[in-house]
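Participant: Those protein sequences? They're chains A and B, same order as listed. When we follow this note's numbering, the leftmost residue of the first sequence carries the number 3, and every step to the right adds one. When we follow this note's numbering, the leftmost residue of the second sequence carries the number 3, and every step to the right adds one.
Some hints here could point you the wrong way.
To be verified - According to the in silico footprint, chain A covers these stretches of chain B (three or more CB under 8 Å from chain A):
#1 81-87
#2 265-276
What the hints assert, rightly or not - Quick partial rundown of chain A residues pointing at chain B, CB under 7 Å, derived from the structure:
#3 Gly28
#4 Glu235
#5 Thr308
As the list claims (entries may be wrong) - Within a straight-line C-alpha distance of at most 20 Å, the following computed DMTMM-like cross-link-like pairs (lysine to aspartate or glutamate) qualify:
#6 Lys24(A) with Glu282(A)
#7 Lys211(B) with Glu235(A)
#8 Lys211(A) with Asp180(B)
#9 Lys211(B) with Glu59(A)
#10 Lys211(A) with Glu312(B)
#11 Lys298(A) with Glu312(B)
#12 Lys298(B) with Glu312(A)
#13 Lys171(B) with Glu213(B)
#14 Lys171(A) with Glu160(A)
The set of hints was computed from the structure by calculation and includes no laboratory data. Just so you know, even glycine gets a beta-carbon here, dropped at the ideal spot from N, CA and C.
2 protein chains.
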Amino acid sequence: MSGSSPLSPILAVGSVALDTIKNPFGEVSRVVGGSATYFSVAAAFFTDVRLVAVVGEDFADRGAELFEGRRIDLAGLQTVPGETFRWKGEYGFDLNTRETIYTKLNVFEQFEPTIPDAYRTSPVVFLGNIHPRLQLEVLDQVEKPHLVAADTMNYWIEGAPEELREVLKRVDILIINDAEARELSGEANLVKAACVIRAMGPSTVVVKKGEHGVLMTRPCEGEFFAAPAMPLEQVFDPTGAGDTFAGGFVGSLAACGEMSDAAMARAIIYGSTIASFAVEEFSLDRLLRLTQEDIKERFGLFRRLTYFDEG
Amino acid sequence: MSGSSPLSPILAVGSVALDTIKNPFGEVSRVVGGSATYFSVAAAFFTDVRLVAVVGEDFADRGAELFEGRRIDLAGLQTVPGETFRWKGEYGFDLNTRETIYTKLNVFEQFEPTIPDAYRTSPVVFLGNIHPRLQLEVLDQVEKPHLVAADTMNYWIEGAPEELREVLKRVDILIINDAEARELSGEANLVKAACVIRAMGPSTVVVKKGEHGVLMTRPCEGEFFAAPAMPLEQVFDPTGAGDTFAGGFVGSLAACGEMSDAAMARAIIYGSTIASFAVEEFSLDRLLRLTQEDIKERFGLFRRLTYFDEG
C-alpha cells in the first residue's frame, strides 16, 4: 500500500479530545480520543494522513506518543492556550446504552480550521463529526479534491440542518449510523433513507449499524453492499468505533486509488476489521499496538465469516 | 437438486393455521399460515417434504390449492372435526412491532402428532415451533434421523423449560431468533449465547436477526457464518419469514446431502433468499408464484450484496 495513489494523502479534520470513560469493566480518565484521532490512526495503516485539529496546552506531548512513527503529518495540529476538548461518557451494563456525563468544548469552541497551504491540494478530504459550518470552511479552503467523505450526527441534523444540507451537496461519501440516516432522511426504511440522502448530494451512503454491521449504497440505483460486524465475545469499549471504521474505510480506498465496486466493498471490510480491534480495549490502546499482520489475519476471518459459493 | 440425497426427504411437524393479519397496507382474513406450512412450501423448492400437522373441517380444500403440484407428501396431514388453529396479528406502522390479537388453538389443542409408519425412517426431521412435549413425541416415533432441526419460541422457553431442555439434547440444529437466544441462554452477547446453547445439545445454532440477517455457529469453536438480510425497500408482511427461512435452509441442506461448512453457508443464503420473497406479499402469496429462476436470480443478488476479494 504505497502513498503514490491518486487518492492520497487524506486531509482529515475533526476533534482531538481527552475522554473520561466509565464502563462495566472499569474507568479511565483523560485518555486520548476524538473523531480525528481515531480516524487518523486507523487510516494511517493504509496511507498518509494530514491531521487538522486543535488541542490545548494540557495535551502536552501526547501527540508525539500517539502519532509519531505513523503516516500522520501533524503540521495542521494546532496547540493553543487552554484545555483540550473533554468528554465524559458512561456505558450501561451491556454497552448498548451510553450516557454523556459532560462535553467541554474548551479550545474547540474557538476552533477555526486553517488548512496549511501545502494541504490545500489534498486529493481526499475527510470531514469528521464537527459543526457543519466548520466542515464548509474546510471545503472552502481546498482545491477540487477527488473525494470528500464526511461524518455527522443527530446533534447537527437537528441543530444546523441548513448548513448540513450545504455540506451534503459537496460530499461524495456520507458515513453515518442507522438512527442518523433515519433522522436525516425522515424515512424509517434504510433503503429508502439511503435513496433520500443520495438525492441530497452524496453519491455513496455508508450506514453504520454497530453490532449489525454496515450497509453501503452502490452506484447502481437500488444496489447495496452489506457486511456483518465481526461477532465478538466481548466488546470492551465502543468509543471511537465509528471513527475508526471511517479511517479504515477511507484509508483503504485512498491506498487503492480507485473507487470501483470491488475497491469500495474491500474498503468496507478493512474499516470493519480495524473497528473490530478498536473496541477490544480502552481508548486507542489496541490500535496503537496493531500490526499489518493483525489486519491481514482478521480480514481473512471476515472472508471466512461471509463467504459462500454457488455449490 | 434431486431427491436421492441421504438427507432427503424431510419430515416436518408443526402448525397449519388460518391467519388474520392487519398491517399498514391492508387486512386479510383467514389466509393460510402456520409454521409447518411456510416451512414445507419453502423446503419443497429444494427437496421432498413429508408434512405432519392437523387442520379442521373449515380448512376444506385449501391444502389442495397450496400443496398439490409441490414436493409435499400430505399423508400426515390430518383433518379432524372442528376449526383450524387461528391466529390474528396486527403490525405497527413500521412492521417492527406486532401484537397478537388472539390465538385460538382449536383442533391444535388436542393435536398428538402421529407419524405414519412410512415416515419413521425419514433422515431429516424438522420440529416446528410447537410445545416441546409434542416435539419429544415426534422424536420418540422416528428411527435415528441423520439430522434433527428445531425451532422454538419465548413462550416455551418460559412455559416449558424442562421439556425444552430434553428436546435440545436431541437436536442437531436449533433455529431461533436473537431475543430467544438471549432468553434461552441468559447471555446478552450472541457469541456467548450461542456457546451456552451449544452446550445444551445442538451442535449448530442459527440465530435469526430479522432485518439484520443471520448468524450461525460453525463446528470450530468460536467461528461463525454471518449473512445480512437482503435490503428491501418495502417489507409488506413479515408473517412466516422465520419459518420460510428455516424451510429454505433445511431444504437446501437436505438437497445437498452433506453438512460441510460450504453447504451450511450456502443453505443460510438459500433460506435468506426464500424469506426475502415471503415478506413481499400477504400469506404465502409470493411463495406460491415463486420459480426456481427467481430463487437463482436472488441468490446471485445475495452474492453481489456480500462478495469481496482481497484485491
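Participant: All hints are to be evaluated individually against the structure, with a verdict given for each.
Facilitator: Evaluated hints:
Check on the stretch 81-87 of chain B: 0 of its residues sit with their Cβ under 8 Å from a Cβ of chain A, so the three-residue criterion for coverage is violated. Coverage of a stretch by a chain is defined here by at least three residues with a beta carbon nearer than 8 Å to that chain's beta carbons; for the stretch 265-276 of chain B and chain A the count is 5, and the condition holds. A least Cβ separation of about 18 Å between Gly28(A) and chain B goes past the 7 Å threshold, and the interface hint is therefore violated. Below 7 Å, beta-carbon pairs count as interface contacts, and Glu235(A) has one with chain B at about 4 Å; its hint therefore holds.
For Thr308(A), the shortest C-beta to C-beta distance to chain B is roughly 5 Å, which falls under 7 Å, so the interface hint holds. A threshold of 20 Å between alpha carbons decides the hint, and for Lys24(A) with Glu282(A) the separation of about 15 Å falls inside it, so the pair holds. Distance hint between Lys211(B) and Glu235(A) is fulfilled; the C-alpha atoms sit about 17 Å from each other, no more than 20 Å. Distance restraint check for Lys211(A) and Asp180(B): the Cα-Cα separation of roughly 16 Å lies within the 20 Å cut-off, and the hinted pair is therefore satisfied.
Distance hint between Lys211(B) and Glu59(A) is unfulfilled; the C-alpha atoms sit about 48 Å from each other, more than 20 Å. A C-alpha spacing of about 23 Å is found between Lys211(A) and Glu312(B), which places the hinted pair above 20 Å, so the restraint is violated. Distance hint between Lys298(A) and Glu312(B) is fulfilled; the C-alpha atoms sit about 9 Å from each other, no more than 20 Å. A hinted pair counts as satisfied when its Cα atoms are at most 20 Å apart, and Lys298(B) with Glu312(A) qualifies at roughly 9 Å.
A hinted pair counts as satisfied when its Cα atoms are at most 20 Å apart, and Lys171(B) with Glu213(B) does not qualify at roughly 30 Å. A distance of roughly 18 Å separates the Cα atoms of Lys171(A) and Glu160(A); the hinted pair therefore holds under the 20 Å criterion.
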